[in-house]
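Each chain, written out:
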Amino acid sequence: MQNTNHTRWAEGKLVSFLIATLKGISQVMLIENAVTGLIILLAITTFSYSLGIIALLSAFIGTIVGVIGGANKESINQGLFGYNSVLTGLALTLFLTGPYHWIIALVGAALAALLTATMMHVMKNTGIPVLTFPFITVTWFTILASYRLEAFRLTSRFVPQDLSNWQLDIAGKINWLEGAFDGIGQIFFIEGILSGILLFIAVFVAGWKLGLYAVLGNVVALLTSYLLGGEHTLIYRGLYGYNAILAIIAVSATFNTDHRRFGLLSGIFAACLTVPFAASIATWLLPYGLPALTMPFVLSTWLFLGAKKVLPNL
Amino acid sequence: MQNTNHTRWAEGKLVSFLIATLKGISQVMLIENAVTGLIILLAITTFSYSLGIIALLSAFIGTIVGVIGGANKESINQGLFGYNSVLTGLALTLFLTGPYHWIIALVGAALAALLTATMMHVMKNTGIPVLTFPFITVTWFTILASYRLEAFRLTSRFVPQDLSNWQLDIAGKINWLEGAFDGIGQIFFIEGILSGILLFIAVFVAGWKLGLYAVLGNVVALLTSYLLGGEHTLIYRGLYGYNAILAIIAVSATFNTDHRRFGLLSGIFAACLTVPFAASIATWLLPYGLPALTMPFVLSTWLFLGAKKVLPNL
Amino acid sequence: MQNTNHTRWAEGKLVSFLIATLKGISQVMLIENAVTGLIILLAITTFSYSLGIIALLSAFIGTIVGVIGGANKESINQGLFGYNSVLTGLALTLFLTGPYHWIIALVGAALAALLTATMMHVMKNTGIPVLTFPFITVTWFTILASYRLEAFRLTSRFVPQDLSNWQLDIAGKINWLEGAFDGIGQIFFIEGILSGILLFIAVFVAGWKLGLYAVLGNVVALLTSYLLGGEHTLIYRGLYGYNAILAIIAVSATFNTDHRRFGLLSGIFAACLTVPFAASIATWLLPYGLPALTMPFVLSTWLFLGAKKVLPNL
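Residue numbers (the working numbering), protein chains in the order written: chain W, 1 to 314; chain P, 1 to 314; chain D, 1 to 314.
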């Protein structure tokens, strides 16, 4: 083989690997689009330079695990080994502290890719996708492990609490503008209106329908959580919104390939349901001080995608 | 088409829908029999007029979800989309309070039907039935959500407790007569001897063997819980009995279609096992103040029905 | 049939049943070898005479459940119905107290065999083995039930604790020699250097490679738990080691039948991962005062065996 030919082949490999990595970032939002991935990366980087690097490295690591492990090329190229790693890398970097926390975050990213593979296999027969369950599990396990291993140092934001001492206090004004843009930011643990706008752009780039769904999901969640009497501080910080955005995209777009009769309605219901689900999961995790992460989205989406197999009109 | 023909067709539809709804009520006891469903409805109504209405509406909603969703007709007509909705409607009406609690209960009933569909799909390959797991999950989630959302107001009966502060106190006399009839009533959250007698009649109407199994299951549970030293107040209120009744009907009758060698014995063991399972689950749920509901029945029945696939003599 | 013929036939049956029972004991270490089973039984008996009897009886009961239930002969002869029963019998004998605790332990052993059958069926399609999950579940359930049923009396070693009051204290010297031999002993809840040596011999008898893996797993776990800052008292008592030994044998040997490219490396990773998993599970169980048992091994092994199906190079 000629040298230039070999260089070109290697360049081709590198480019397709980079595209898979960027798609891994976009798959966090259930979108397979390298440009979307790039804009998301930009949004994260404007919020924090180091977080941007972690996001890229994590997507990279997840994809590498797929390649070395010998996964089928289609899954790798769709970015399916990347998105759980991206979220795990970001979460552990933010949740842990100490000099080596980013190493633990990157090991966690590799582990998330491994668990993605395991769950892909276990759930294959059901035809229901893995979603972000591997990221949630790895992150929860790492936080729990920190109580027993000195090398895992937790930031002070996680406070285990007794449910018997819990008092709900929903007082406080809602800043609806913040709520509108922080919801989408919370998917990537970032805040601020600029990041939010960039993330909405990233979704619209992949398709105007997807963008509208994202807006709709956020509005639905803001209204549902306000009407059901959720804590106002959580609502305006977007903590009731990010799960709804993901759920409506998943149910009405990504996994609605055969255009069911009630496809959009199912997605809106799924988005609404993430609100009480978020409340339930937060209560359940209270004694451990764990965050709900994207678990409400996962449960609501699994519920609808599974039900569709038996109720084909949904 | 002639007008009368069309009317007859619509009448036929309505009748078959009503029968499916009543069968949905009877399926709570793993029985497919509209008359049994009607007598159960009567038993609930004698205990509380409004609960009777909720039970009927919930069965109705569950069946409607199946019809609109486009489920296969056989499942709908067997009442398989109704029974989880009935239980969820009843439980949430009783457990929640406030002016809109019955709306939440009926939404919960719809959700239970949806989750039934999801679980039917996921468990299809195992050949193990869904049982009342969807009802349990929806009810637990709703109770947990109430700690975070003001619209969900819990009655005062649920008290989260630390296991480290727990003291077992089994003192108190057992009223065996109450124990004999409250066990079957607890399946539908109702108490009293009249309701209990009506429920036993409902089962006997479906078959004398089923009736005997129900009696046997209750006796087995009363004895087991007494011998193992369960709390007497729980025993005589039937709280150790209702799971055993369901388990023996499920294992020895409903899902014992091929008449295994140890069919009855398996059912009796399954009924016994619901007692320690009820104790375990109650301990596990203590920090959240959640009720065990029919989870002991579900676990014990899954255990035996699954084991039968590998141990064909059971 | 002649009398001697019949006697020979019965003798043959008895011998093959005894071999199945001994293999049931060896399967705790994922090894199918009657001699290994015998040496393990010896190791348990040198630690405690009565525990030895319980181990033998439990293996016996588990195998009997398989035979009476009508399981396929191959599974029975491989000892697959015995190992969960052995562990359950040992654990419940040690964890419970009172005059009848050994009866509960033996009933638990039978139940573990039943649950093994259930899980074999449920997991059949995934091609992932049941491992010791049935033992873990039955033991946890029994401990939890003891808080509600007077017949189940718990020893004082289980103390439910609030995570909010938890303080990590890793101080204390590590006795590396004890750590080297107690790790393997903890698999069977026994301590002491003699028992440890006998258990290592039992593994080496089944194959020198298996023996080396066991040693390697133990070393890996000791180093990982020390480097990650685990509690020193746990480390030298072998409580971070036993899961690693099982995980490396499972991933690199027992279930590595087709000699994957990274077979040994996967096993070493799986062994490392049992350390943070043990920490996470211990935190999660803290409010219930439950022991982690072999859950870290089960999760780590499931993770790798499942991932291998999608990542064939592992």
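No lab work stands behind these hints: they were computed from the structure.
Wrong hints could be hidden among the right ones.
When chains are identical, the list treats them as one kind, so a pair holds in a single copy or across two.
[What the hints assert, rightly or not] Mimicking DMTMM-like on lysine to aspartate or glutamate, the simulated pairs with C-alpha atoms at most 20 Å apart in a straight line are:
no., residue 1, residue 2
1, K13, E32
2, K209, E74
3, K309, E74
4, K173, E150
5, K309, E150
6, K73, E191
7, K173, E191
8, K124, E74
9, K309, D258
10, K209, E32
11, K209, E191
12, K309, E11
13, K73, D162
14, K73, E11
15, K124, E150
Within a copy, between copies, both or neither: which one fits K309 and E74 at a CA-CA cutoff of 20 Å? Between copies only: 16 Å across, 24 Å inside.
How would you classify K309 and E11 at a CA-CA limit of 20 Å: within, between, both, or neither? neither (43 Å within a copy, 30 Å between copies)
Tell me, please, which holds for K173 and E191 at an alpha-carbon limit of 20 Å: within, between, both or neither? within (18 Å within a copy, 46 Å between copies)
My question is about K73 and D162: at a cut-off of 20 Å on alpha-carbon distance, are they close within one copy, between copies, both, or neither? Neither way: K73 and D162 sit 47 Å apart in one copy and 47 Å across, limit 20 Å.
Between copies, within a copy, both or neither: which fits K73 and E191 at Cα up to 20 Å? neither (35 Å within a copy, 49 Å between copies)
For the identical chains here, do K13 and E32 meet the 20 Å Cα criterion within one copy, between copies, both, or neither? within (19 Å within a copy, 46 Å between copies)
Under a CA distance limit of 20 Å, which applies to K209 and E32: within one copy, between copies, both, or neither? For K209 and E32, the Cα distance is within 20 Å only inside one copy (14 Å; across copies 45 Å).
Under a CA distance limit of 20 Å, which applies to K124 and E74: within one copy, between copies, both, or neither? Classified as within: same-chain Cα gap 15 Å, cross-chain 27 Å, threshold 20 Å.
Is it within a copy, between copies, both, or neither that the alpha carbon of K73 lies no farther than 20 Å from that of E11? within (17 Å within a copy, 57 Å between copies)
If the cut is 20 Å between Cα atoms, do K309 and E150 qualify within a copy, between copies, both or neither? neither (46 Å within a copy, 34 Å between copies)
Between copies, within a copy, both or neither: which fits K209 and E74 at Cα up to 20 Å? neither (25 Å within a copy, 37 Å between copies)
Alpha-carbon proximity between K209 and E191, which holds within one copy, between copies, both or neither at 20 Å: Classified as neither: same-chain Cα gap 24 Å, cross-chain 53 Å, threshold 20 Å.
Hint check: violations occur at hints 2, 5, 6, 11, 12, 13, 15; the rest are consistent with the structure.
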